[in-house]
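K.L.:
From just these sequences and the hints, can you work out the full model?
Spelled out, the chains give:
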Amino acid sequence: MSASGFLRFPAPLTRRCMVPWGLRLREMPALLSPGTAVTPAQMAGRKDRPALLSLDESELEEQFVKGHGPGGQATNKTSNCVVLKHIPSGLVVKCHQTRSVDQNRKLARKILQEKVDVFYNGENSLVYKDKREAEKKKQERKKRAKETLEKKKRLKELWESSKSVQGERSADSD
Amino acid sequence: MECWGRMLRAFLSGPGRRGGAWGSAYSSWRPHRPVPGLLNATELVSHWTAIFEKEGIPEAQESSEYIVAHVLGAKTFQSLRPVLWTQPLTPWQLQCIQELSSCRLQRMPVQYILGEWDFRGLSLKMAPPVFIPRPETEELVEWVLEEVAQRPRAVGAQGGPLILEVGCGSGAISLSLLSQLPQSQVIAVDKGEASICLTRENAQRLRLQDRIWIVPFDVTLEGSWAHLLSWGPMDLVVSNPPYVFHQDMEQLAPEILRCRKAEAQRGKLPCPSYEDLAALDGGEKGMDIITHILTLAPRLLKDSGSIFLEVDPRHPELVGGWLQSRPDLSLDLVAVRKDFCGRPRFLHIRRSGPQHGCPAHAWPGPQPARVPG
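Respectively, the protein sequence lines represent chains Z and C. Quick note on numbering: the working numbering labels position 120 of the first sequence as 120, and the sequence is numbered without any gaps. Quick note on numbering: the working numbering labels position 268 of the second sequence as 268, and the sequence is numbered without any gaps.
FYI, nobody ran anything at the bench for these hints, they're computed from the structure. Just so it is clear, the structure is predicted and the values come from calculations on it, not from any experiment. Quick reminder that beta carbons are idealized off the backbone N, C-alpha and C, glycines included. A hint or two may mislead.
Stated by the list, open to error - Reference excerpt, derived from the structure (chain C facing chain Z, CB under 10 Å, subset only):
no., residue
1, 65
2, 75
3, 111
4, 116
5, 119
6, 123
7, 136
8, 141
9, 185
10, 282
11, 284
12, 317
13, 318
14, 321
What the hints assert, rightly or not - Per label pair, the in silico range of CB-to-CB distance:
no., chain 1, residue 1, chain 2, residue 2, range
15, C, 159, Z, 150, 27 to 37 Å
16, Z, 150, C, 205, 50 to 60 Å
17, C, 218, Z, 127, 49 to 59 Å
18, C, 193, Z, 130, 48 to 58 Å
19, C, 338, Z, 140, 44 to 54 Å
20, Z, 129, C, 341, 53 to 63 Å
Unchecked claim - In the SDA-like style, the derived pairs of lysine to any residue whose C-alpha atoms are separated by at most 25 Å in a straight line are:
no., chain 1, residue 1, chain 2, residue 2
21, C, 75, Z, 65
22, Z, 85, C, 54
23, C, 191, Z, 75
24, C, 338, C, 248
25, Z, 110, C, 150
26, Z, 85, C, 191
27, Z, 110, C, 146
28, Z, 110, C, 87
29, C, 54, Z, 69
30, C, 338, Z, 87
31, C, 75, Z, 87
P.N.:
If you want it as C-alpha cells, here you go:
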C-alpha cells in the first residue's frame, strides 16, 4: 500500500465531509494548549488559511472487519467498516458510511485529519476557524435581515402617515 | 430464481397485491412475521438480526441493516438520518423488509437482494448470475489509477489510455476507470451474455456509454481475438479473472454455491448457483484464464503496455514461474501488491518491447492474426 494512494482526496469527498453518524471516537484526550503541540510541519497553504495537516500513512493503523476465509473471489462479504487509528495522538475513527471499502477508507482519513487538527491546534484548528466564520456570517445575515425589516417598517409608516396627510388636504380643499 | 422473481413482482405491484402466492413458496419454512409493537428501524434491525443469527446466516447484523436502510432509501444504516431510526415504519415498508429478509434466509447475497451495490463510490446494478464485485478489487483500480498518473504517456489523438478489461461482469472495473480518467476509453469483454447486458446497463446508468465498447468474447477460444485488433494497440489490460482453484470451489459459501451440497443430499437436482461459477473457477491451479490473458495480451498491447490482474495469493509465484517458461511473450512480472488484508493479491506485468515475430508497435488497421515465432 503506497502512501501516495491515500493523500489524494477526490473532490466529491470534500463536499461530503460533514460529521457522519455512526462515528465512535475512542480515547479523546483533553486538548493540548496550542503552544505545546508537537505537530508535523504545516503544509504551505493560503496566507490567511493554512491547509489542513496531512496525515502521514506511517503513523496510521488501519483495521477492517476481516472475515475468516480466503477473501477475494472466494468470499462474499458486505461488512466494509474501516477503523483508523492515528498512533501519535491515539485518536480513532470508525467509518461505515458507505457500501464501498475504498470510500470508507478515504472518508475515515478525512475525518481523522480533522480530528487530528482539532487535537493539536484546538481553537486554532481549521475546523474551529471554519465554525467561527460560519457562525459569524450567520450573525451578519441575521443583522442585515433585521435592518432590512426595520427599514421596510419605517417606510411603511412614512407612507401611511403621508397618505393620511393627503386625505386631510383633499378634505380641506373641498 | 423464485425468490428473485417474487421480489421483483412485489416491487412492481406495490402494496396489497401479494396475496397468498407468497406463502406457498416457503411451505417448508416457517414465515417470520414482525412481532406487533416493533415499528421503528432500529428495532426491526434487532429483530431480523436475531432471526438471521438463529438461522445461521452470516453477517446477520450487516444484512439486516442494509435491508432496512435500503427500504428507507439509504445505502447504509449509519447514513440514515437519525430521526428515521426511531420513526415508525409504514406497513408497506415492513412488508418490503419482510420479503427482502426472506431472500436473505435463503442465503441470497445482499447485493442481489438489493439489486445494487457500490464500487468505489459508483452505484451499480446487480443481478444474478453476474459476478458481484469484491471489495479487494477496488484496490486493483486504485493501483491502475496510480500507475496511469505516474507514467507520462504519449498522448494520442484520443487522449487518455485505451484499456481492455477481460471479464467485465457488472462493469465495475471498466466504469470506475472511465469515471476517473475522463480521456480514457475501454473495451470491455466477457463470455457471459448476462454480463454484457448488465455492463451495458450500468454504463448507461452512469452515462459512460460513449467511451466503452462492450463485446462478447471468450478469451479461452483460440483465434477469436483478431477482431479486437481493430481498436488499435492498447495501453492497458486489466482483469479480475476467475482464479479460484477448482479444488476449492466446493468450499465456497452458500451465498455463492447456493446450498448445492444440501440439495444433493436430499436427492434433488442441484439448483443453479447464485453467482455464475464460471466467473470463479480458474481450473486446476486457478491459472487457466490467467494464462490465456497473458498469452493474448502481448498481441494487443503497445510496447511497454501493462497488465494488471487480481489473483489468488498463491499466484504471484506461479505466474512468475510461468512467465519465465514463456520468454516468447516478452512479459515481466514487475510488481506484486497486497490487499487490505495483507494478502498478495495484485500483479503488475509489463510487456518489454516488441514480441518476437510480431510487427513492432504500428497497427494501421485490422490485420490478419499473426502467430509469434
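K.L.:
It remains to establish, for every hint, whether it holds in the given structure.
P.N.:
Results for each hint:
1. 65: For residue 65/C, the interface hint holds, since the closest Cβ of chain Z sits about 9 Å away, which is under 10 Å.
2. 75: Since the shortest Cβ distance to chain Z is 5 Å, the answer is holds.
3. 111: holds, 7 Å
4. 116: holds, 9 Å
5. 119: Holds. Min distance 6 Å.
6. 123: Hint on residue 123/C: holds, closest Cβ of chain Z at ~9 Å, below 10 Å.
7. 136: Since the shortest Cβ distance to chain Z is 5 Å, the answer is holds.
8. 141: holds, 8 Å
9. 185: violated, 21 Å
10. 282: holds, 9 Å
11. 284: violated, 16 Å
12. 317: It is violated, given that the least Cβ distance between residue 317/C and chain Z is near 16 Å, above 10 Å.
13. 318: violated, 15 Å
14. 321: For residue 321/C, the interface hint is violated, since the closest Cβ of chain Z sits about 20 Å away, which is over 10 Å.
15. 159/C with 150/Z: 27 to 37 Å: At 58 Å between Cβs, range violated.
16. 150/Z with 205/C: 50 to 60 Å: holds, 52 Å
17. 218/C with 127/Z: 49 to 59 Å: holds, 54 Å
18. 193/C with 130/Z: 48 to 58 Å: Between residue 193/C and residue 130/Z, where Cβ atoms are some 52 Å apart, the hint holds.
19. 338/C with 140/Z: 44 to 54 Å: Holds - the Cβ-Cβ distance for residue 338/C and residue 140/Z, about 52 Å, lies within 44 to 54 Å.
20. 129/Z with 341/C: 53 to 63 Å: violated, 39 Å
21. 75/C with 65/Z: Holds. Residue 75/C to residue 65/Z sits at ~19 Å (cutoff 25 Å).
22. 85/Z with 54/C: Since the Cα atoms of residue 85/Z and residue 54/C sit roughly 34 Å apart, the hinted pair is violated (cutoff 25 Å).
23. 191/C with 75/Z: Judged against 25 Å, a Cα distance of about 22 Å means the pair holds.
24. 338/C with 248/C: Given pair residue 338/C, residue 248/C holds - Cα atoms ~21 Å apart, limit 25 Å.
25. 110/Z with 150/C: Given that 25 Å is the threshold and the Cα spacing comes to 23 Å, the pair holds.
26. 85/Z with 191/C: violated, 43 Å
27. 110/Z with 146/C: Since the Cα atoms of residue 110/Z and residue 146/C sit roughly 19 Å apart, the hinted pair holds (cutoff 25 Å).
28. 110/Z with 87/C: violated, 31 Å
29. 54/C with 69/Z: Cα-Cα ~22 Å, so holds.
30. 338/C with 87/Z: With Cα atoms ~22 Å apart, residue 338/C and residue 87/Z stay inside 25 Å; holds.
31. 75/C with 87/Z: violated, 31 Å
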